[in-house]
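J.: Protein chains in written order, with this note's numbering: chain A, 1 to 415; chain B, 1 to 415; chain C, 1 to 330; chain D, 1 to 330.
What the hints contain is simulated information worked out from the structure, not anything from laboratory work.
Cβ coordinates follow ideal geometry from the N, Cα and C atoms, glycine included.
Careful: at least some of the hints might be erroneous.
Rough simulated footprint, nothing fancy, chain A against chain B, three-plus residues with beta-carbon under 8 Å [as the list claims (entries may be wrong)]:
#1 220-230
#2 253-266
#3 271-278
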Amino acid sequence: MATPQERPGRTARVRATPEPGARPEAPKRRRSAPRAPATPAVQAVQAAQATTPPATAADTETGPSAAAAAALAAEPPQVLADYYRQMVLVRVFEQRAAEMYTRAKIGGYCHLNLGEEATVVGLMAALERRDYLFTTYREHGYALCRGIDPGRVMAELFGKATGVSGGWGGSMHLFDAGARLLGGYGIVGGQIPPATGAALAIAYRSDPGEDAEAVMCLMGDGTTNIGAFHESLNLAAIWSLPIVYVVVNNGLGMGTTVQAASGEPELSRRGASYRIPGVRVDGDDVIAVRDAARQALHSARAERQPVLVEAVSSRLRGHSVVDPARYRSAEDTERARRLDPVPTLRSHLIQAGVVDLAAVTAIEAEVEDVVAAAVAFADESPPPAVADLFAHAYATPVPNTPHRLPADAVVVSEP
Amino acid sequence: MATPQERPGRTARVRATPEPGARPEAPKRRRSAPRAPATPAVQAVQAAQATTPPATAADTETGPSAAAAAALAAEPPQVLADYYRQMVLVRVFEQRAAEMYTRAKIGGYCHLNLGEEATVVGLMAALERRDYLFTTYREHGYALCRGIDPGRVMAELFGKATGVSGGWGGSMHLFDAGARLLGGYGIVGGQIPPATGAALAIAYRSDPGEDAEAVMCLMGDGTTNIGAFHESLNLAAIWSLPIVYVVVNNGLGMGTTVQAASGEPELSRRGASYRIPGVRVDGDDVIAVRDAARQALHSARAERQPVLVEAVSSRLRGHSVVDPARYRSAEDTERARRLDPVPTLRSHLIQAGVVDLAAVTAIEAEVEDVVAAAVAFADESPPPAVADLFAHAYATPVPNTPHRLPADAVVVSEP
Amino acid sequence: MTEISYRQALHDTLRAEMLRDESVFLLGEEIGIFEGSYKITAGLLQEFGPRRVRDTPISEEGFVGAAVGAAMLGLRPVVELMTINFSLLAIDQIVNHAAKIHAMFGGQASVPMVIRTPGGGGQQLGATHSQNIEVYYAHIPGLKVVAPSTPADAKGLLTASIRDDDPVLVVENLALYNTKGDVPDGDHVTEIGTAAVTKEGTDLTVVAYSRAAAIALDVARRLEDEHISVEVVDLRSLRPLDRETICASVRKTTRAVVIEDDWLSYGIGAEIAATIQEGAFYHLDAPVRRVAAAEVPLPYAKSLEQAALPHAGDLVTVIHETLDATGFTP
Amino acid sequence: MTEISYRQALHDTLRAEMLRDESVFLLGEEIGIFEGSYKITAGLLQEFGPRRVRDTPISEEGFVGAAVGAAMLGLRPVVELMTINFSLLAIDQIVNHAAKIHAMFGGQASVPMVIRTPGGGGQQLGATHSQNIEVYYAHIPGLKVVAPSTPADAKGLLTASIRDDDPVLVVENLALYNTKGDVPDGDHVTEIGTAAVTKEGTDLTVVAYSRAAAIALDVARRLEDEHISVEVVDLRSLRPLDRETICASVRKTTRAVVIEDDWLSYGIGAEIAATIQEGAFYHLDAPVRRVAAAEVPLPYAKSLEQAALPHAGDLVTVIHETLDATGFTP
Ligand SMILES: Cc1ncc(C[n+]2csc(CCOP(=O)(O)OP(=O)(O)O)c2C)c(N)n1
Ligand SMILES: Cc1ncc(C[n+]2csc(CCOP(=O)(O)OP(=O)(O)O)c2C)c(N)n1
Ligand SMILES: [Mg+2]
Ligand SMILES: [Mg+2]
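So here's chain A without its partners, still in its complex pose (with noise of 0.2 Å):
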C-alpha cells in the first residue's frame, strides 16, 4: 500500500509530536490546466461558485506539481475515473439538495459538502467495507460513497419513509446499519465519543491485525475546541484504540475562522496532548487525502495507533444552504473558487490524457440522471405514517411506555 512516507514528495506526513515553529500553511498542490469546454454538469458545478466568474486558465496561482502529477500518473486511470465519477455524484447531489431545499422539499437544517469533495472520496476509497464511520451533520457525500443508494439518501433529506433513517432523522442524521454508516450528528462534537466506544468495542472482541475492523471519526476544525474532542483523543491513546479522527479543516465554522478559534490552528498538532501522531494533508487532493488515510488506518487496525488526521479544504457555499455567507471576504471565496477540486481534476485527468472528454462527459451525464432518478425516488415516497409515531420509542418494550398525542389525557379518571 502506498504511504505519504513511501512516496517521496508527498505533502502528508505523520509525526510522533508536534515541532514548534511558524505556522505552516496548509500543503496545497496547485493545478492549472487550460479547462475542458463545460458540460451541464460542471456548469452545475461552476454555478456552485457563488456569482463571481469561474478561474480561467490563466489562473497563475494553479498548477500541478511533479509530484502530484507522479502521483496521478501512477494511478489506474479507471481508478481515477472513478473518483472523479463519486466527486461529481456528491457535487450533483449537493446541488440538487440545495435547489431542492429551496423548493422546500427539504426542510431543517442542509450542510452541504461543496468544495469538500476530494476529502469525501479520498476518505472513503481508504475505508474498508469493515470499517466504522461516525460523521458531521454535513455527511451526504460520505453516505453516498460508502455506496448507499443516492435515492435513499436523497428521500431522508426529504423526510420519507424510504429515507436511510425511514425519515426520523433528515439531512444532519443519516444512518446506515449495513455500509456501517454510524450516523451523521448535529451535536457539533457528539460523534467522537461513541466513535472512540465503537472503537473500544473493536478492540474488546478482537485482535489487531492488516484484516481488523476500525473506526473513521469525522469532525469539522470548529469541533476541535469542544471538550469531547480532547476527552475522546485521551481515551484513544491510553486505550490504543483502533480509530482514525478526521479533521476535516475547511477554515470556517460557521462565520469563524481557524485562525480565531482556535490557539494551535495547525490542527493535526493537536494530538500531542496525548501522543497521537498528527497528519496534514491536502484536503483538494484526493489521492493524497485517500494515502494519508489509509495509511492512518493501518496504523490503527494493525498497531491500535490512533490518528488524527487533518484535511485541509474549502466551503464552496455558506454554513448551511440558507447562509450567504457574507461575513467572508472576496478573496476567500476566490481563493476557495479557485482551488475547487472538482473541475481541478477534471481537466486534469484530461490533460493528462487519463480519460478523455467524451468519457468525462458520460460520466457527468450518468451522474445527472442518478442524481435525478434519486429525486425522483424521494418525490414519490410516501412519508412516515403518523400511526407510526411510537414505533421506535424503545427497543425493549415495557410496561407503561406513554403512548399519548397532544390532546390525549395522561390518565383516565371516571367521576
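Use these hints to put chains B, C and D with the ligands onto chain A, whose structure you have.
T.: Coordinates of chains B, C and D with the ligands only, in the frame set by chain A:
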C-alpha cells in the same frame, strides 16, 4: 526578580512548544542531611507518614544539588524561615484537620495538602495580593498561605457560622472575597472556566503591565483530562488572558496514576494544543515553585500570555482522610515519604545554618499554638442559624422565591 | 408603544443595556461576524467592537463558565447559547457553578450573568435540535428562569435579567422571533417572579408560557365566539413561579388546562397541575389536563413532527373536554 | 432469600451478569484499582481483569459517550458515574445521544447501556455533591430510569437494566448502600416500568422512590400504632412511570402524600401529584401534598443541611395534616 532562566542550573524552564521525545522524569532536587531531633511538630509531621519509619540520613537518594543549595543560599534567611513556618502551618493544620475529621468534628469530604506543602507555599509566595486565586477542593493550605486566619478556615471545616464561607461551603468550598480567594471547587475542573472568565474580566477592564492583576487557577493532574481544561486553555490563548494554570501533579487522581490517565503524562506539554507555554517544576522545592510561578505570573500580567505550570510532588496520604490508599505500592509510599518537603527543608535550613534548631523549634511551637487556637475557635463558634436557611437564596430578591421547609404546604388551599 | 418583532425587542434591549452599562457585554458563538444564528445581535459588533461583542469557539462549557467568572468579578455577561439543546454541554457550569456560587460561598459572591437561548420544535431540526428542556433550569434553586411570550415581555424580562445580580436564563423560542407586538418605549422592566393574566375570563384558566402562551391567548380569543370565557395566565417566570396568580385564577374559574411545548412527563406543566390541585383544590371542578408534546425524540419528517407537537386545535379539544366534564354549557 | 446489603446486592448482580454474558463490562472512574468510590465493584477487577473492569480518566463526557458507541456495536457497558452530580458533565451524551440514537436513526441502532449512579444529600457533601436530579433523566423519552429502594429491587432492577436494549439509568442512593434486606437467590428480574405497593393500607397513600420509599415504609408501619392505615407505593421506575398503580391506590384511599428527596418545584413529586389529581380526581378528598427538600443549594453545615432535607417526621406531620383536612379520625 529571579527567574528560572536567569539562574543557571534551575530545573524549571519555559517552553513555547513541547519537545518531542521520551517522557522525562519530574525534575527533582534531592536533599539529604542529618535531621535534627524531632520536635512535636515534626513528630506530627512524621506521624502523617503512615506507619513506615521516617526516612533517615542514610537514604542515599536524597541530597541537595549544588544549584539548589546555591538557590537557598541566595534567599534572605527570614524569607526561608517564613516559608518553613508556612509549610509547617499547612502540615500541622492538615494533621489536626484529619484528627478532627476522625472525631466527627468535620463532616463530608476532607482532602489534605499533606506532601504538597512546598508547592502550596511556593505558589502563594508568588501570588500577589491583587491577584485572584481559584482552587480545587484540596485547598486548606492555600487559604492559610493566602493569609486567611486559620481559625476561620478551621471553623469552615467545622461548619460554623464564623467559617470563611459561613459554614455553607465546608472543606471543599473555602472562599474569601477579601483575600481574593475565589473559591475551592468540588467538581473536577469546574473552577477552570470561571477562573478563565475572571482573567477575561481583568483584561476587559485594565491594560497589561507589571502592576496588573492576574489569575492563578489550580488543578490536579487528573483534572487535565476533563473537557473544561481543553476549552478553557484554548479561550485563554485566543483571548490573551492574564492567567496562570497550575497543575499540582501529585501523581494520582484518587487511585489512578498520571501514566494511566493521560496519553501525554508530562502534563506541562498539554499547553501545546493552544500554543500555551508549559513549565515543569519540582513541587517539593519551594523556591523553584515560587520562581516558576512568579515568572508565569509575569508573563500573564505583563504580556497577557497564559502559562501552564506543572508542579510535581507527592500525596503523603490517601485521596481524602478516609482513604487508606491500599492501591499504592509500598515503593511509591516510601518514595513520597522520602521526598517529604517539610522535614527536608527543616534539615536543610539547619544544616546550611540559615536558622538554628532553637529558631526552628520556636516556629514549630508557635504553629502548634496557632492551630490549637484555630481548633478551639472553630469548636466554640456557633453553627449557622436555621433561620438563615434562605439568607443566601438570591442576591437580588424577587417575588415568589420559595422559602418552604420540607413539611410546609406549597400553596394554601382553603375549603 | 411601538410595534416591533420579538427579535427586534431582544436586539434593542441588548443594545440599550450595553449603552447604559459598560459592564454589560455579549459572549457566544457566531454572535459577531456572523451576526447571530438568529440575527438577534446583528450590527452590535460593528457598533460596540469585539471587546463587548465576543465571538467564541465552539466551547459551551468553557465560555459559559468564563461568563460565570467574569460575573464574579462584577461584569454582566450576556451569553447567547445558540439553542437550549446545546446548553447541555454547559449545564455543569450553569447548575453546579452559576447556581451554587452565591449560596455555597456564604453570600460572598454573586453571579450577575444572563444566558439567552431559544428552545422550540416544529422547524424540522430533528431530535437533538428541537428540545424544550427549560425544566432543567426551572428546577434549580439559585437560578432564575424567564420565558417571555411577547415582544414587550422580551424587552421587560431581558432588561430585568441583565440588571439582576443572579444568574438568569432567558428562554426564547424559535417560533416567536418573527412575531410582532406593541413594546413600551424607554425603560421597561418586567419583574422576575410574576405571572401575567394576559386575558381575563370566567369559565376556565389556561396556563402557559413562551410560544404556548401565544397559542393560548389566540385560542382564548377565538373561543369568545363560542361564548366560552377563558382566562389566560402567562407564567413569564418559571423560577420563581408565581403560584398565587395561577391559583387565584383557577379559584375563580374552577377549571384549568395547561399547554406546554415540552414532553408531558416531568415537564413544566406537571408543576403547574400539582400547584393548582393543591392551591385551588376546593374550587376545582375537573381534573387539570395537560396538553404537551408526545413522548418521543422529535422526528424530522414533517408528518411525524407535527403529530408529536401540541397545536391550538389540541388545546381547543381539551378545553371542550374539560368544560364538558363539568356539564358546562355556554 | 438471603439477607444482604443494597451494596452487596449491586455487587453480586454485576458479577452475576458479567459471568452470564461476556458482552457485559464495567467502565468508570476508580472502579478498578480503587475498588469504587462506594466499593460496589470491589474485587471485580481482580476477578475479571482490566478488559472487563475498565478504570477511566476523569472524562465523564468521554467515557459515557464511549459506552454509547460500544453499546451501538452490541456490547453491554455498565457505567458507574461516581455521583449523579457528575452526570451533568456527561448529560449531552446521555440526553442528546444515548436517548436519541434508537429513534433518530429510524430504529436501526440500539444503545444497550446502563448508567449506575448514586444521588442523595445528608452526607455534608455541600451544594454540588448532594443533588437529586433524576428528574433530568426521567423527563427524557428514549431513556429508562429506575430507582430501587431495597436490596431486592437493586438486584431485580439492575438485572433488568443490563438485559434491556435501551439506555437505562439506575439511580442509587448514598444513604441506602448499607441498608439490608432479603434478596431472592438466583435469577431475579424486576420489570422496568412497574411500581410496587410495598404496604397495603386504606386511609392514605404515600408515593415515594429510592431513600424516601424506605422512609415511607417505615413511617407507614409506625403509624399502624396510631391506627392509621397507610398504603405505600414505591415507584421503582421513574420512566416509564406506572401511573395506574399510583392512581388505583389513591382511588381506594382517597388521600395521597408524596415524599421525595429532590427540590419541590419541578421535581419528581410534581408529576406524581399531577398524575394523581388527574387519575383519581373524583376520589380525592384532600389536596395531594408534597414533602420535599427546601429550595436552596444544600448547605454544608449539618444544622442547615438537616433543616433543608425531608425527614420521617415531616412525612408524619403532612400525613396528619392531610387526614385532618378530611376530618379523618382513626
Ligand atoms: C454543541 C454545539 N454547539 C453549537 C452548534 C451549532 N453549530 C453547528 S455547526 C457549527 C460549526 C461547526 O464548524 P466545523 O466543526 O468547522 O464544521 P463545518 O460546519 O465547517 O463542517 C456550529 C457552531 C452545535 N450544533 N452543537
Ligand atoms: C466531574 C467530577 N468527576 C469526578 C469527581 C470525583 N473526584 C474528586 S477528586 C478526584 C480526583 C482528582 O484528581 P486530581 O485532579 O489529580 O487532584 P488531586 O485529588 O490529586 O488533588 C475525583 C475523580 C469530581 N469531584 N468531579
Ligand atoms: Mg469547518
Ligand atoms: Mg492528583
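J.: Flag every earlier hint the structure violates by its number, smallest first.
T.: none
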